[in-house]
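For the protein sequence lines, the chains are A and B, in the order given.
In this note's numbering, each residue carries its 1-based index in the first sequence increased by 17.
In this note's numbering, each residue carries its 1-based index in the second sequence increased by 565.
Honestly, the hints are just simulated from the structure, not real lab data.
Do not rely on the hints blindly, as some may be mistaken.
With a cut-off of at most 27 Å between alpha-carbon atoms, the simulated DSS-like pairs for lysine-lysine come out as follows [claimed, not checked]:
(1) A:Lys130 - A:Lys66
(2) A:Lys80 - B:Lys790
(3) A:Lys49 - B:Lys716
(4) B:Lys743 - B:Lys663
(5) A:Lys49 - B:Lys790
(6) A:Lys136 - B:Lys743
(7) B:Lys762 - A:Lys130
(8) A:Lys151 - B:Lys743
(9) B:Lys759 - A:Lys80
(10) A:Lys151 - B:Lys744
(11) B:Lys744 - A:Lys66
(12) A:Lys105 - B:Lys790
(13) A:Lys73 - B:Lys790
(14) A:Lys73 - A:Lys85
(15) B:Lys723 - B:Lys663
(16) A:Lys85 - A:Lys68
(17) B:Lys744 - A:Lys136
(18) A:Lys73 - B:Lys663
(19) B:Lys788 - A:Lys130
(20) A:Lys49 - B:Lys663
(21) B:Lys743 - B:Lys716
(22) B:Lys743 - A:Lys66
(23) B:Lys723 - A:Lys105
(24) B:Lys730 - A:Lys49
(25) B:Lys807 - A:Lys151
Single-letter residue listing:
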Amino acid sequence: MPAMRIRIANCLLGLVLTCSANAMASSDVLFKGILEPYGDRCSGNILIKSKTVELKTPLGDCKARSYKVVEQGSNGEDQHMTYQIQSKSCGFNVIALSFNHAYPDYWKLKWYKTLGDYKNGNEFLDCPVVRFDK
Amino acid sequence: MATAAIQRSRTGYEAWQDGINKALNNPAWDAHDCDIRIAVSEYNQYLSNTQGYIYLDWKLIKAMLWVESGAKSKEWKVKPMQIGVNGDPGLNAFLSDKEGGELILPPSLQGRLNSGNAKAIPYYNIRAGIGYMLMRMANYDYASTAGTDTKIYEIAVKPGDSLDKIARTQGTTIATLKKLNLATENLRPGQILKYYKASVQKVILGWNVPTSQMIASRYNGGKDKRYSQKLDYALAILRQGKGAVCLP
Numbered sequence: 018m019p020a021m022r023i024r025i026a027n028c029l030l031g032l033v034l035t036c037s038a039n040a041m042a043s044s045d046v047l048f049k050g051i052l053e054p055y056g057d058r059c060s061g062n063i064l065i066k067s068k069t070v071e072l073k074t075p076l077g078d079c080k081a082r083s084y085k086v087v088e089q090g091s092n093g094e095d096q097h098m099t100y101q102i103q104s105k106s107c108g109f110n111v112i113a114l115s116f117n118h119a120y121p122d123y124w125k126l127k128w129y130k131t132l133g134d135y136k137n138g139n140e141f142l143d144c145p146v147v148r149f150d151k
Numbered sequence: 566m567a568t569a570a571i572q573r574s575r576t577g578y579e580a581w582q583d584g585i586n587k588a589l590n591n592p593a594w595d596a597h598d599c600d601i602r603i604a605v606s607e608y609n610q611y612l613s614n615t616q617g618y619i620y621l622d623w624k625l626i627k628a629m630l631w632v633e634s635g636a637k638s639k640e641w642k643v644k645p646m647q648i649g650v651n652g653d654p655g656l657n658a659f660l661s662d663k664e665g666g667e668l669i670l671p672p673s674l675q676g677r678l679n680s681g682n683a684k685a686i687p688y689y690n691i692r693a694g695i696g697y698m699l700m701r702m703a704n705y706d707y708a709s710t711a712g713t714d715t716k717i718y719e720i721a722v723k724p725g726d727s728l729d730k731i732a733r734t735q736g737t738t739i740a741t742l743k744k745l746n747l748a749t750e751n752l753r754p755g756q757i758l759k760y761y762k763a764s765v766q767k768v769i770l771g772w773n774v775p776t777s778q779m780i781a782s783r784y785n786g787g788k789d790k791r792y793s794q795k796l797d798y799a800l801a802i803l804r805q806g807k808g809a810v811c812l813p
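When you get a sec, could you build the whole thing from the sequences and use the hints?
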């Protein structure tokens, strides 16, 4: 009987530790979304963590790259954040996410080849994204 | 001897300026004026109801034609706006129905303007060029829009299914699936999902002012480093002229 109690206690402890680990892992996620299929180039997933960004789309699979925050802010419900990817292998240098409360179904994801293109507002693609971490 | 030396040292841009200076009040350079005026008027009328639309000045388009080709170029009588030249993705983007062109093209051109005539006939090339430029000046957002069929459907998740796959096959959107169902992030086989028919619609949020820098960046794509400078110069010169007389 005591052995059974110890086993149950161990199980509960294991569950708590697993839950804590999951909570820690999910708290690291800043943005998680699925690209709504639209046209030939919009589909896939985006995952932004505190230190890395992952983006899987028909344009390519950009795995866990570190990034620098170029800009982020909010105005009421509206939000925007821009990240510069610290790698040249993804085929783009900057991504920007924005949310407009007037169109709440989607976040908008834009790609820029260079920081200069971002500053000039010259994106080469934008896609609708459904956010799943909130 | 000294003159010849000066002529030899003129840069490509200066030589281009010389050509533009001579274009003023030269009827050949005004040949597309009436067509440009009508085309710009068509776009202005159609887009005037969109939020924040900035009326386009037909002379800005004329200046673009002068920069893009010009009456001395053989392209002047084929593709004066140069949209649709080899290697240019602009025309396909404009006609793709997914990048905003479908919101820009006036009804009078829908079903008439196509890749073939835009590459061969100035009338269509000018309209495609204006449309593409406007498409690149607009700011967009997206909305998930319910279809005319308002029935709520149900589908059981199968092994290997994803929201993406279900949305595509069932004629709905991921946004709709998320809205109507709890716990859609991690699907499990047998889970029942509700949905209605829906599609993604691109909507015009507003407009950027078509400055020479914006046009250089978004129409020319930064290929010609002097594009905005040329555009400003051509516009300043052609504003001094009368242009062609067009029927009202």
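Here is how each hint holds up against the structure:
Of the pairs offered as hints, the one joining Lys130 (chain A) and Lys66 (chain A) holds, with about 21 Å between alpha carbons and a cut-off of 27 Å not exceeded. A threshold of 27 Å between alpha carbons decides the hint, and for Lys80 (chain A) with Lys790 (chain B) the separation of about 34 Å lies outside it, so the pair is violated. Taken as a hint, the Lys49 (chain A) and Lys716 (chain B) pair is broken in the structure, with Cα atoms around 30 Å apart against an allowance of 27 Å. Of the pairs offered as hints, the one joining Lys743 (chain B) and Lys663 (chain B) holds, with about 23 Å between alpha carbons and a cut-off of 27 Å not exceeded.
For the given pair, Lys49 (chain A) sits about 39 Å from Lys790 (chain B) by alpha-carbon distance, which is inconsistent with the 27 Å threshold. The straight-line distance between the Cα atoms of Lys136 (chain A) and Lys743 (chain B) is roughly 34 Å, outside the 27 Å bound, and the hint therefore fails. Under the criterion of a C-alpha separation no larger than 27 Å, the hint pairing Lys762 (chain B) with Lys130 (chain A) is inconsistent with the structure, at around 35 Å. Between Lys151 (chain A) and Lys743 (chain B) the CA atoms are separated by roughly 11 Å; this keeps the pair inside 27 Å, and the hint holds.
Restraint check for Lys759 (chain B) and Lys80 (chain A): the C-alpha separation of about 33 Å exceeds 27 Å, so the hint is violated. Under the criterion of a C-alpha separation no larger than 27 Å, the hint pairing Lys151 (chain A) with Lys744 (chain B) is consistent with the structure, at around 12 Å. For the suggested pair Lys744 (chain B) and Lys66 (chain A), the alpha carbons sit about 24 Å apart, so the restraint of at most 27 Å is met. Simply put, Lys105 (chain A) and Lys790 (chain B) have alpha-carbon atoms about 24 Å apart, close enough for the 27 Å limit, and the pair holds.
A C-alpha spacing of about 33 Å is found between Lys73 (chain A) and Lys790 (chain B), which places the hinted pair above 27 Å, so the restraint is violated. At most 27 Å may separate the alpha-carbon atoms for a hinted pair to count; Lys73 (chain A) and Lys85 (chain A) meet this at roughly 19 Å. The straight-line distance between the Cα atoms of Lys723 (chain B) and Lys663 (chain B) is roughly 30 Å, outside the 27 Å bound, and the hint therefore fails. Distance hint between Lys85 (chain A) and Lys68 (chain A) is fulfilled; the C-alpha atoms sit about 9 Å from each other, no more than 27 Å.
As the CA atoms of Lys744 (chain B) and Lys136 (chain A) are separated by approximately 35 Å, the hinted pair breaks the 27 Å bound. Between Lys73 (chain A) and Lys663 (chain B) the alpha-carbon distance is near 20 Å, which keeps this suggested pair within the 27 Å criterion. Proposed proximity of Lys788 (chain B) and Lys130 (chain A) is supported: the alpha carbons are some 14 Å apart, at most 27 Å. For the given pair, Lys49 (chain A) sits about 24 Å from Lys663 (chain B) by alpha-carbon distance, which is consistent with the 27 Å threshold.
This hinted pair checks out: Lys743 (chain B) and Lys716 (chain B) have alpha carbons roughly 17 Å apart, not beyond 27 Å. Between Lys743 (chain B) and Lys66 (chain A) the CA atoms are separated by roughly 22 Å; this keeps the pair inside 27 Å, and the hint holds. Restraint check: the Cα-Cα separation between Lys723 (chain B) and Lys105 (chain A) comes to about 38 Å, which exceeds 27 Å; the hinted pair is violated. The hinted pair formed by Lys730 (chain B) and Lys49 (chain A) meets the criterion: a straight-line CA distance of about 18 Å does not exceed 27 Å.
The suggested pairing of Lys807 (chain B) with Lys151 (chain A) is violated, with an alpha-carbon distance near 60 Å, which exceeds 27 Å.
Against the hints set out earlier in the document, violations occur for numbers 2, 3, 5, 6, 7, 9, 13, 15, 17, 23 and 25.
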